[in-house]
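Protein chains in written order, with our numbering: chain B, 1 to 385; chain Z, 386 to 964.
Rather than coming from a laboratory, the hints here were simulated on the basis of the structure.
Keep in mind it's a predicted model, so treat the numbers as computed, not measured.
In this text, a Cβ means the ideal position worked out from N, Cα and C, and glycines have one as well.
Among the hints, a few may not be true.
[To be verified] Cβ-to-Cβ under 8 Å is the rule here; a few derived chain B residues that face chain Z:
| # | residue |
| --- | --- |
| 1 | L59 |
| 2 | E90 |
| 3 | Y115 |
| 4 | R119 |
One letter stands for each residue in the lines below.
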Amino acid sequence: MAQPSSVHLSQPQTSGLEVTNLVVSYEGNQVVHGLDLSVQPSEFMTLLGPSGCGKSTTLRCVAGLHKADSGTIVIGDRVVSDGANHVRPEHRNVNMVFQSYAVWPHMTVFDNVAYGLRRAGVAFPEVKRRVDEMLDLVGLGEFAGRGATGLSGGQQQRVALARALATRPKVLLLDEPLSNLDSVLRARMRAEIMRLHRELGTTTLYVTHDCSEALSMSDRIAVLDKGRIDQLGAPVELYDNPANRFVARFLGPANFIAAEVVDMRGDEIALVSPVLAGSPQFVLKDEHAKRSSLSKGAKVDLVMRPERLALRPRADSRLDNHFPAETIHRDFLGAKSEVRLRSGEVELVCDVPHGATSVTGTGETAVFIDPRDLTWVPREARSAD
Amino acid sequence: MDFSAHGRMPLEAGSRLGNALRGVLDYGAIGTLLILMTLFVGLPVAFVIISAVLNDPLDVTSGLTFAAVRSVYTSAEIWHAAWQTIAMSVLVAVASTALGGLLAWVVTRLRLPAAGFLEMLIVIPLFLSPLVGAIAWVALAAPRSGILNDLLAMMNAPEWMRFDVMSLTGIAFVMIFHYVPYGFLFLSSALRNTDANLEEASYMCGGSVPSTALRIVLPLLRSSSLSSILFISILASGEFSVPAVLGAQGAYEPLAVHLYEAIYGFPQDFSRATAIGTMMIIVSLTAFYFYRRSVRSASRFVTVTGRGFATRRINPGRWKFPILAVFGIYTFISVILPYLALLFICFTRFRTGDLATTEFTLYNVMTVIAQPDVRSAIFNTIELAMIVPAICVVIGLLLVYLHERLKLPGAGLATYIATAPIAISGIVFATGVFVIYIRTPLYGTVWLIAVALVAHYLAHTVRITSNGLKQIDVALEEAAQINGASRLQVLFSILAPLIRPSVFSAFILIYVFTVREVNTSILLYSPSSLLLSVLSWNYQADGSLAQAAVVGMVQTVLMILGIILARLVLGVSTTKSTM
């Protein structure tokens, strides 16, 4: 273990994390199938996915709380797990914030935060200095002497954060840390975690099933499904160019419209959607290399985010990216209205911002989407939504 | 970052050595536990069965014979006793579960003053051993000489109003009141773990309190009630002191009494004793099988969340005073009356006439205290009451930790063996211990009794500590580990302080059980390992009820002192020890 006292707060200890070909079983079932993940020093990486996708299991393998069947885990330049041998969690110099906070009820706030430093044999004056520093950092300076049981959920979460950061871990692991908080506290703690990450620069692996947490906090997101990474990238990249239907859906609401490629020129693709009223033609700008897998006649699903659709009074069939539709229902949600439309065989959802110019009422209308706002995913056999 | 460019540090050899060392320790612990469990739990049970078919029950090499088994299993008298044992045990279990359940519902669901105190009143009878309780009731309600009957006679009450505790109803009555606290502990913990919203939903739908109790609470508690009934049946079927003291003029002789007579009668017949033992094992194992099943299905209805449900209690309104009166009557019958009777006979000379001529005297107390036996019995009892809970708690904790936390293979088996004796009556288990260890230096020492009692009570500590451990979030330990604590440090800095309340309540429970225990020690004591409970048994067997009562009071004082000490020093609450 590195001498913790030799490092100062302002000079974060940055280490990367490299997971290679990780295979993990849990209670007899294989839940992670050959996962590769590379986290840069000081990066905030999020594992995003539904429950049972293997994200928490992966995190626990990095922590050393669960043993992988095979695959290597490297923290900094140190192999901590290679399938056959596993460094025990207490020797990995990582730390973790648990979903249930796991603040020890029989200790004071101070003792909770000091625990890891004491285990590392740090001398008392230094322990005191660093615990006070951490508690000030999370805004619990006055609570040091309090018992841990009387704290609110948000305060317990701060104690858990301070405790995890006090040991200056090479990698900070967070396992759905906000899921037990109410929505107001959740937003506040989200900002808090990001501020701490900015100030300390600790390499962070964050597990969540909440896409807004993932999108707002991460440098990069790895979307997991059924024990595999479906797509890994920056939040905006994932949102705008999902690799498949699952990623597109998981990051936010989306309309999927079946279409066929009719022409490809430069970075533009022309498609026709026979399922929409009037079989309209679409043009989309695809600046990514994804289109190299396409050829004329390929069947794809167009992805239309509800907030990118614009309603027009009347359809003009000569224009691309334009199709007639019928408004069937309108939900007023305050800042926006969610409008349910039908066009041809499909129903789709469109967000209309609330304001003086917004189109109201129901009946005949037209829908427009900008070529740069349109993207696509490969057609999948099962497309039950 | 390209790790291969500057080379990786391989897994260090230190952690491999550490892992290997831990493995040796783990499996060493499991192996030791398995051997201990086999030696002290498995063997005695096995030997009850083996000895029943040996020519000489104390010699394994003496060859097989089925004479004893045949004579027991074809005896009409024994079959009658078996039937009586089952009928009485089930009756006692149903009645005490019903009473205990009613009290549990009142305490957990109604808004009553001093609920904690009421709860304590319900469990106080646990401290009165069944033997001493039976002695008190003989003094109170023996057909001719009982104090209550004397009082009735003084009031010229008609003959049909007289009490007779030395009858079938009398035995059932004393046993039911002894087991009510068990039923209460079973059902109150089930009620606490059942979401009261289920009942509140019924009130919302227009259900009255009685119809909710009948249609919602009762069905929800069906499995827990069944577990309680089966558990109490097992205990009651092995209870030998109450029927032996009250006797019912031979109208009720359960298997346990037959077994006792085979060993202490003339001629002494161990083959017969072990053969009766096998029959008792069959009866209680059958009940145990259904008990395990009922426990499993009971957990279907239970929502274990660790935190209690915030329930709005029902205001009993004008029922408050009748309900409090019921508690008063219960306490009067189960605690005040027996202890008054005990005090009375402790301090009175043997009466020939009526109550009016009673002389108070210190004679009984003095004769008992003058006995050198008594001092050594007190010393032995205290020694045993320290050894047994301590060993039980240590082994129980170790088993639960290895099994439920480290999930080591073999730990499950060891736990299973350790909890099995709960299905075997104390007197039967003692028979097995007796035939194995009679030829060893252990025989005649307090340690032999300790072995039998540890094996018999281990199941309680395993259950209590396992419940305690289940309420501790594993993440608390993982958080310590990831903060750099080794496994031992996690054990001592996190687990030990958090599980302390369960450990203390297990200790207290076993302490009380050990002080009052007579079913096991009656077969295993020797003049050098006399216990208070055995002494009081012997006094009453000689007809010296007063001396037996004095010894019984000393036992009670020991239990109360132990509990007060635990409360003051350790801060343990006794009523919270969940069954």
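We went through each hint and held it up to the structure:
{"no.": "1", "hint": "L59", "result": "violated, 11 Å"}
{"no.": "2", "hint": "E90", "result": "holds, 5 Å"}
{"no.": "3", "hint": "Y115", "result": "holds, 5 Å"}
{"no.": "4", "hint": "R119", "result": "holds, 4 Å"}
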